[in-house]
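*Asks:* Sequence order for the protein chains is H and E.
Here the first sequence is numbered in the numbering used here, starting from 1 and rising by one per residue.
Here the second sequence is numbered in the numbering used here, starting from 574 and rising by one per residue.
Since the hints were made in silico from the structure, they are not lab data.
Errors might be hidden in some of the hints.
[Said to hold, decoys possible] Going by beta-carbon spacing under 7 Å, a handful of chain E positions derived as facing chain H:
(1) L591
(2) F609
(3) P659
(4) A662
(5) V674
(6) P690
(7) I720
By construction, the Cβ of each residue, glycine as well, lies at the ideal position given by its N, Cα and C atoms.
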Amino acid sequence: MTLLDEPAPIAPEPVPTPTVQRVRSWKIDMPYLTHADLRPVKWHLYLAFIGLLLGVLMGFLQAMERGGANLYDDVPVIETYYQGLTLHGVALALVFTFSFANSFMTLLTMRGFGRPMASRGLLEASLWCGWAGTALAAWAILANKATVMFTFYAPLGATPAFYIGAVLLVVSTWLTLANQLLTLRAWRRDNVGARIPLMSYTSIVTMLMWFLASTGIAVEVLVFLLPWSLGLRDAVDPQFTRILFWFSGHPIVYFWLLPIYVSWYTLLPRQVGGKIYSDGLTRIVFLTFLLLLPVGVHHQFTDPGIPFSSKTIQWLLTFGIFFPSMVTAFSVVAALEQGGRKRGGRGWFGWITKLPWNDPSVAGQLLAGLAFALGGASGLINASYTVNLVVHNTSFIVGHFHLTVGTAVGLSIMAISYWMVPYLTGKQLFAPGLAVAQVWAWFIGVLIFARGQMWGGIDGVPRRTQLRDAVYYGDNDWGTATLFTAVGGLIMFVGGVLFFVVIVGTIFNKRVVSETQVIPVAEIEHGSRSTWRVLDSLGTWTIIAVVLSVVVYGEVLAHYLPLTEVSPPIRPW
Amino acid sequence: MKIERYERWFLIAVAVALLLAVAALLATIAGEHAAFPESSERIDPALISSTAPFDQPGVYPRDDGGYDVIMIARTWAFEPAEMELPVGATAHFRIASVDVVHGFKIPDTNANAMIIPGQVTELEVTFDEVGPHSVICHEYCGIQHHIMGGVINVVGGEG
Ligand code: HEM
Ligand SMILES: [Cu+2]
Ligand SMILES: [Cu+2]
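Bound conformation, chain H alone:
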């Protein structure tokens, strides 16, 4: 055991490190890492927390608006509902999720391979892109120069800094992938013929999937919107830029989710005393997401410019997503059940109560999984083609994605932070009991919130709307649903505040950890020996994924082209 403040050299160093070795006063399960390897992981995570904080503050204002108290004239900086909502979306859907992915996927890649990332330079570059991108986008939004929502549909025209910020955020994720691939190459040289360790495999497929997916937004911004906002291009085709956006905009939800899947598959079983169900199925699930990229048109069922054929094809492909989701439901629940039974659980459901609910990291992820079951069911409704006509762009969708990204992902990130922050700082978790209360508060809040949003949505409540001032609000019977949204949202807000109490308390905790900090890596029940080798040929899968996307979106473009470039930038805010 190492004592605080005592210079402790970090034990065996497999790679020569050019920088001066910094002192760390606590031990971790990766002795081959130095301070310089972990610092970017920590600061990506802190950036995620900043995104969450901004988002939760805006969430409070939105919930209050639903309750009938419009506070936008009273708070500093944020002038309008829509400016606040843009910040909410960007801070949560882009900054929070991307930064967490950069942090967590890097950490687990190093743990899986048993070595540091190949390039310190790329680690730093990714970190700087993340922070700089956030700063630019935040400045643009706070200066009221980019009230365009996180989807920035043309012809709403933001200031160039907003688009540059968005690009930098995406680039930060590309750099993480580049670093993972370099690390994979180096690891393969040293381990000829070995299977890619599951944890590294799933982390790499996550980033690889998003790299392919993000090409849509990259083209949209770099070829069209950025030059257009700089005055180098007169007009764009708003229907076409939407097609590009949603090419990325659907798989972005995989990118929000997959880092959490990595935790649910490879870590959570250990946290509850079970084993990973199957190495092969886990790999197949991740590859399925790589293959199911081209389904973005299901967000555009009500768009005029997209032909019926494209809508039908991509609708049918969308239903394919149900399979990896069901495999996950099966495998993750099987691992949990195994853990619960080992802990003495009996009967059909008795194992559930035996799970370590007093561990906030476990409780948070279990509740997140429960929310995901509800969110998945509502997702099937959204995807159900003509049923989409009832719910599209209503608050039903908002209810759906606060269960999925807001809770399945958001609450899991908070729960993972409860072991990750002590791991990265050497500080004991502050007030673990409060942390358990925190995850319950969030969960109960989101159930009420989503109930209100979904109910309202079915009755026609539009999303992205300052609802209580809407001219049609009084003509419709939306009062009770809106009240649910307000009350549930405020309870979520309390859950969010408690999270920051625990996390800030931990970061500044005087009490340091005494044991070695370990990442809870689970063992595998059906190991990689019986897993098809071809699953590891990432190059082949990438080519198949690209071909599929080109074919499916080729069909869309063949019908759509030529472009109708008619819209100059407009700023109606």
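With chain H held as given, fit chain E with the ligands onto it using these hints.
*Replies:* This is chain E with the ligands only, laid out in the frame that chain H set:
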């Protein structure tokens, strides 16, 4: 590679459920005529107010007993914003935006569409319920997005 027996049955059940869902949804298109909005033509937003039929927005009876509704969406109003239709009538909407993206939603009907500059959104709505129906812009279109709405009064008897 091993796939648990229970898991295999679980996946087969999922597949069957999905196939049933696909069949049911296709039936909504064939049987109930639930249809997605389409684009009848492309149009330059700058020229809309001088191009027929959008130079004269309004409600026009058709030979088949239905109505043509020619509508313009702009920040922050629909034009026409109020109209009257007889119960049971089918309205054939053609809507174009002169500026940004707008939405078009009528609660309790199948009417749900995006209005995208450059495209003419076309959709059919049948009104079975008497009374006022809100017409709602359900896509953020600027700072007064929430005042963008209209009313369709569906009146009883033969209209
Ligand atoms: C205190 C907690 C939260 C509250 C009270 C809250 C509340 C809301 C409300 C009321 C809306 C709908 C606004 C509208 O459509 O007019 C909204 C939108 C949204 N929320 Fe949250 N939210 C919270 C946390 C989260 C979290 C954790 C995430 C994701 C990780 C998230 C992601 C989003 C996104 C992406 C939108 C859509 C923004 C848009 O339409 O552009 N929210 N939120
Ligand atoms: Cu999607
Ligand atoms: Cu609007």
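*Asks:* Tell me, in ascending order, the numbers of any earlier hints that this structure violates.
*Replies:* Per hint list: 3, 4 violated.
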